[in-house]
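In case you want the letters, here they are:
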Amino acid sequence: MCRRLVLALLLLLAPAAAAAQDGDAGRVPLPTIVKGKGEACVADTDYMRRNHMTELDHQRDETMHRGVRTRKFSLKECVACHATPAATGGYASINAPGQFCRSCHDYAAVTIDCFQCHAARPGEADTKRAGAFSRTAGELRQESEVQ
Amino acid sequence: MRRTTYREITGQYVGFYGLMAGLGVLILLSLAAAWHMEHQGHHVTGMTNQIVWGMPHVLAIFLIVAASGALNVASLGTVFGRTWYKPLGRLSGLLALALLVGGLAVLVLDLGRADRILVAMTTYNFKSIFAWNIYLYTGFMAVVVVYLWVQMERRMNRFAPAAGLVAMIWRLVLTTGTGSIFGFLIARQAYDAAVLAPLFIAMSLSLGLASFNLTLAAICRGTGLELGDGLVSRLGRLMGVLAAVVLYFTAVQHLTNLYAAEHAGVERFILLEGGVFTALFWVGQVLLGGLVPIALVFTLPAGRALGRVVLASILVFLGGIAQIYVIVIGGQAYPLVLFPGKEVQSSFFDGVVMSYVPSWPEITLGVGGFAMAAAIVMVGLRSLRFLPESLADAALDPHHRAAPTVAEEKAPA
Amino acid sequence: MTGRTPQQGFDPRRRRFLSAAAAAAGVTLAPGVTFYGVTAAGSAAARAPEDPVTSSVRWGLLVDVNKCREGCNACVTACVEENGLRGNGRPETDAQWIRKVELRDPSTGAKRSLPLMCQHCASPPCVDVCPTGASFKRADGIVLVDKHICIGCRYCMLACPYKARSFIHEVVEDQKPYAPRGKGTVESCTFCVHRVDEGRTPACVEACAEAGGDAMTFGDLNDPDSRISKQVAAYVTDQIRPDLGLDPGVRYRNL
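Residue numbers (my numbering), protein chains in the order written: chain A, 1 to 147; chain B, 1 to 413; chain C, 1 to 255.
Just chain A, same shape as in the assembly (with noise of 0.2 Å):
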């Protein structure tokens, strides 16, 4: 039964696994990226895939205690530009199965607190500007010329 149950499954991945390697058969999916709005993070990828928790970690002490409101490292503009329109209308939970968030953090097999108390969709006023924060192709030159 338990056998059979875990062939089905590897059928049912049979498409994804054929696109990866073909060592990474019957290995956990790799997970989708969902792009956010705007050209490019407010960092690059690298270190927000690394540090987007210790970045998140220390502004919410910043908001929290000091009440700055910095928007470059706001879990609410994360939320604001990387979550996506639901069919239903609105937008769908970013802490859903498949959803930036979630995605990755299945894959890495880490649970998420924050949207326990967090809200996982993005408020009316923060997606008017979503994507403000983001860096424009041209910042993104400047970096790398700088570097």
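Rather than coming from a laboratory, the hints here were simulated on the basis of the structure.
Remember, predicted model here, so these are calculated numbers, not experimental data.
In silico negatives: residues of chain C with every beta carbon more than 10 Å from chain A: (1) Asn66; (2) Arg69; (3) Asn73; (4) Arg104; (5) Pro106; (6) Ala203; (7) Gly213; (8) Asn222; (9) Lys230; (10) Tyr235; (11) Thr237.
Coverage of chain B stretches by chain C, computed from C-beta distances (three or more under 8 Å per stretch; other residues unrestricted): (12) 34-41; (13) 123-131; (14) 347-353.
Cut-off 20 Å, straight-line C-alpha distance, at most; resulting in silico cross-link-like pairs (DMTMM-like, lysine to aspartate or glutamate): (15) C:Lys67 with C:Glu102; (16) B:Lys342 with C:Asp105; (17) C:Lys137 with A:Asp61; (18) B:Lys127 with C:Asp146; (19) C:Lys176 with A:Asp113; (20) B:Lys342 with C:Asp243; (21) B:Lys127 with C:Asp128; (22) A:Lys72 with C:Asp51; (23) B:Lys127 with C:Asp247; (24) A:Lys72 with A:Glu55; (25) C:Lys111 with B:Glu343; (26) C:Lys137 with A:Glu62; (27) C:Lys111 with C:Glu70; (28) B:Lys342 with C:Asp238; (29) A:Lys128 with C:Glu198; (30) A:Lys72 with C:Glu50; (31) C:Lys176 with A:Glu124; (32) B:Lys342 with C:Glu102.
Beta carbons: idealized from backbone N, C-alpha and C, even for Gly.
Mind docking chains B and C on chain A? Use the hints.
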């Protein structure tokens, strides 16, 4: 000096493992209750925004307070050098440890965010008596472990009096801290009183000894360990004295409040018009938990003390739960006085005496703490040498004669 | 170095001057339109997002009980809407950040109606008792719960003399992005800190004005030129349970 021989409990497989299985079921049920409360949120309990602490806190506070008092017997042996109690020092330490673990488990499992126990252990606000208590409790465990070690390791025996003194001072501070959780609350009419600290110390001594007596009686019955009538009478009478001290501090607490017109309302509530709280206070705590057991232990029939002492211990034990219930729940049920002299009304139950009905998950969780304590004691008794070979009077006191006269009984041991 | 916070280069006096100048300009250019907003929000209107709050500001609220109507619930409704406090139809466990309290003097029969919320004490007992420091007071006097480190022990609820706090008894969904709240933690009125940081007034104050009550004045108690400071200087006002010595930031007039 005579040496006491200690042993583990052996044999009695059916009884031992049967009891352990029963306790295991209770512990599992309490974990299930905690999971239910965590998963659903606390609305499945009887606790509300008005009665914020409920049955888990009543039972957890009982366990913690009793843990401190369970060490009485060890203190009497090592600090005060009473030979009668010396062979029981190890059991006393084990019980103190077990009760504290049980109490803390209940307290932690009731938290709204029990998953953040690491936060509670790493982030401190040192102005909070609650934060201090976290140190007092964990420190108490460490102190008792060391105390047990110096008692059980012969080469370390000479340090037992010192360790015993540290443990005794520590537990007095610990119960002061527990009482101060309520004593420091300026907001509530029923709390905000310095006398709560000594009251809690007295409660710990009395409830802890009652718990010890019941544990000892159960062990002796289960293992066939001989239990001398002289020892039982001493333990019983000591508990009677301590129960009287609790009544004394309770009287001081209420008389002080009665004298201040400001507190007349809350006193009338607890002492006269509080329904279940008034009944629990007068019948549960004062009569059945105080006067009756005191009368029982001071009229012990020579040679047949055990039955009465056990009955008195059960009464003190239950009376203690009633007392903590009245303090914790009754104190919250009485409304906060925001506008003295005015009648108030709101959607948030201002000016309303709140009713509280403990729910099954809460009770199950609290009972689980007792089961956990009992299981720890049983595992301890089976794995290490906590119990003396004999607790017969002749084995405890070389000067003991079979039937002591009344005059001798009255003299200090 | 005097008067400057070195790392931020923030000078409260200069800010106050600038905001006063802005207020003056506003009054001159568009009287009646900007006057209320600027003075109500006081100097924080000028605070940049990257600047931390400082103790040069102390936020306060003045309630004129004479103007508060019995049966009017505008402030409560606005609070529920603003902060997403949808209840579950269980009044004993649902959160209430602000409530209307009806008072009656039994000897004279005189009646009073007033809103009651977190009083944002200068010496808050909830902050003193919190074991983890989750309950804290911001430099500008707003008392908050840091839900990231709240363990849900509810000791602060026992300690609060105003019964201002609620424990979240059930799972919360669809929170407002600016008002995070979740099961198992304690919460209370935040003075709508997200609005205050933007230079706006709390939702209840705005709703009260819109409902024609105008019973609530919000502002900086440290700024002698703010509307609230002038009022508390001109009239006798009361704090609730002043005997406790907590110095609440919420004051009542004509109580």
